[in-house]
Amino acid sequence: MSMHPDKPIPTNSARHVMGAPRVRGYDVYGELVGEDFWSQLSLSIGFKRLSSRQCEILDTISSCLLVADPRIWFLRAARICASFGRIAPGLATTSLLLETTALSGSMKIEVPEFYQAYRVLSTRHKPDAVALARTWFEVHDGRPPGFDNQAQQKDERHTHIATWLATQPEEDGDHVRIHQELSELARQDFDSFPNFVSLVAALMLDMGFSPEHVPPFILTMMNINTLNNVVEASLQKSEDLRTFPQDNVRYAGPEVRRSPRALAAEKR
Amino acid sequence: MNELPPGHPGTLETPFERVTTSDTLVSRLVDPEQPRRILGYDVAGDLQQNYSWAELLFLTLTSVLPDESTGRAFERSIMALSPIDASNAGANVAILASVVGADPATAISAAALACVEDARAVVEAHDALHAWLCTGLGPSPDEFRTDDEHVRKDVEIFADNLGIYRKSIPPESTWLAAALIALWAVGIQSKAQWLSVVTFARLPIAVAEGVSSQHTPGSYPNNIPRYRYVDAPR
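Sequences listed follow chains A and B, in order.
In terms of my numbering, the first sequence has 207 at position 207, counting the first letter as 1, and numbering is strictly consecutive.
In terms of my numbering, the second sequence has 384 at position 116, counting the first letter as 1, and numbering is strictly consecutive.
In case anyone wonders, no lab produced these hints; they're calculated from the structure.
Take the hints with a grain of salt, since some may be wrong.
Stated by the list, open to error - Partner residues aside, some chain A positions facing chain B, computed with beta carbon under 8 Å:
| no. | residue |
| --- | --- |
| 1 | Ile9 |
| 2 | Thr11 |
| 3 | Pro70 |
| 4 | Gly85 |
| 5 | Arg124 |
| 6 | Glu138 |
| 7 | Gly142 |
| 8 | Gln153 |
| 9 | Lys154 |
| 10 | Thr220 |
| 11 | Lys237 |
| 12 | Ala252 |
| 13 | Glu255 |
All figures in this text were calculated on a predicted structure; none of them were measured in a lab.
Cβ atoms here follow ideal geometry from the backbone N, Cα and C, with glycine treated the same way.
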């Protein structure tokens with residue numbers, strides 16, 4: 001869409017007012033200096049400033065996501081790109097992979113949107129909501145985003161967030177209860193288990209966030225693991241990352257051959 | 269390397285030991301033991317002597333070497349997709365990279381990212397055209413036709429340049445639709461292949477705009493398009 005010069009692009013994001021930059025309606029130096037990191041992020045993506053309790057919840061979630069083994073696929077890709085000595089290519093690579101792959105549904109807005117739809121439906125007629133959930137699981141072969149564990153049947157990140165949550169009865173909101181219902185449905189009928197994405201989505205919805213706010217938070221949290229890897233990789237500059245060990249590469253393409261044009265030239 | 273003592277975190281089991289995975293990385297195009305061959309063809313003794321770079325690209329996309337008519341039509345389709353001016357996202361980002369003083373590698377990386385996103389938008393905008401090509405039924409969708417005489421004239425010349433594939437191009441096609449239909453005609457038919465070709469076609473111009481040209485902060489029209497900031501409600 002091309003904008004006419006008389007129709008500027010509307011923005012609530014920010015304006016660099018000389019000496020007093022504004023972000024989302026706040027005077028940065030007058031009102032936001034010292035703001036908690038998660039509150040800065042929340043405000044920046046169009047939600048609101050967070051309470052210290054909300055930041056504490058996000059700190060807990062984020063710390064439970066500190067799983068950064070360099071063999072995790074998207075972190076491996078980050079390390080390869082960073083092994084040439086720069087951090088940014090690794091960070092960019094993993095951000096793209098996190099946003100677009102099905103891996104754990106990490107960045108899929110589908111999860112919080114489904115939870116929200118389930119809640120609305122269940123307040124009207126609970127059996128309809130349950131039927132919707134069953135269909136959602138069936139169309140994803142029992143493993144929709146948020147329930148699609150890869151390396152392990154159960155996601156330990158989910159386990160630890162849930163364990164912490166059980167000690168925080170005041171955080172037992174509607175979406176967390178929905179998450180518990182769906183987790184039970186998944187276990188009983190589909191032999192699948194939730195991962196952290198669905199629980200984080202539920203917690204954030206209960207905190208008042210909209211579905212579109214969930215992926216940026218998860219991306220930010222997950223990119224702590226990316227930075228963990230790319231900083232080290234950029235310093236190590238490992239040859240084995242730049243070029244995969246050749247002894248472990250197997251060729252599976254066509255045998256040596258001549259092209260049709262080369263064969264025709266030989267006949268002439 | 270010193271062995272770690274039992275019980276050390278570096279010796280404890282992880283999920284990666286539980287899951288059985290291959291111990292080899294499969295290479296389908298180039299044999300590490302024959303590093304100057306692509307899909308079995310010798311680069312110096314065969315491909316360089318008998319094929320163009322565009323035909324090599326066709327080979328990598330399809331695993332098949334094109335005949336001469338197909339190779340030429342494919343090359344001309346790439347050329348048709350190539351022109352982008354500075355308003356295009358890929359070129360624009362490349363120029364911005366130059367404005368901020370990025371080194372060439374960074375400028376190319378940034379331009380490539382924007383070019384891929386632009387190519388994705390091009391392919392998505394032609395979803396209905398792809399569906400029409402898949403069915404092969406009826407006339408092309410209206411949105412991919414134009415009444416613009418200048419475009420029609422250029423499309424006619426382009427179609428003439430396609431040789432035996434000339435008749436595959438509806439004369440009233442938009443320029444981009446004509447190029448994508450030509451790709452379909454020569455056998456580049458999946459959306460992933462389209463995405464690749466559009467990206468490869470446009471990246472050189474984007475890079476040339478940013479990397480090969482000098483841009484200064486003052487040369488970039490930073491207040492266009494304009495923004496209208498309004499404080500978000502608290």
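Hints versus structure:
1. The beta carbon of isoleucine 9/A is positioned within 8 Å of a beta carbon in chain B (closest approach about 5 Å), and the interface hint is therefore held.
2. Proximity of threonine 11/A to chain B holds as hinted, the smallest CB-CB distance being about 5 Å (cut-off 8 Å).
3. Violation of the interface hint for proline 70/A is found here, the shortest Cβ-Cβ separation to chain B being roughly 10 Å, above the 8 Å cut-off.
4. Because the smallest distance between the Cβ of glycine 85/A and any Cβ of chain B comes to about 11 Å, over 8 Å, the interface hint for this residue is violated.
5. For the restraint placing arginine 124/A at the interface with chain B, the shortest Cβ-Cβ distance is roughly 30 Å, beyond the 8 Å limit, so the hint is violated.
6. Look at glutamate 138/A: its Cβ only gets to about 26 Å from chain B, farther than 8 Å, so that hint breaks.
7. Against a cut-off of 8 Å between C-beta atoms, the interface hint on glycine 142/A is violated, since the closest Cβ of chain B lies about 19 Å away.
8. At about 10 Å, the closest approach between the beta carbon of glutamine 153/A and any beta carbon in chain B exceeds 8 Å, and the interface hint on this residue is violated.
9. Interface hint status for lysine 154/A: violated, as the beta-carbon distance to the closest one in chain B is roughly 11 Å, over 8 Å.
10. A cut of 8 Å between beta carbons decides the hint on threonine 220/A: the least distance to chain B is about 19 Å, and the hint is violated.
11. About 15 Å separates the beta-carbon of lysine 237/A from the nearest beta-carbon of chain B, more than 8 Å, and the hint is not met.
12. Taking 8 Å as the C-beta cut-off, the interface hint given for alanine 252/A holds, the closest approach to chain B being about 5 Å.
13. Using the Cβ-Cβ criterion of 8 Å, the hint placing glutamate 255/A at the interface with chain B is satisfied: the shortest such distance is roughly 6 Å.
Checked against the numbered hints listed earlier, the structure breaks hints 3, 4, 5, 6, 7, 8, 9, 10, 11; every other hint is satisfied.
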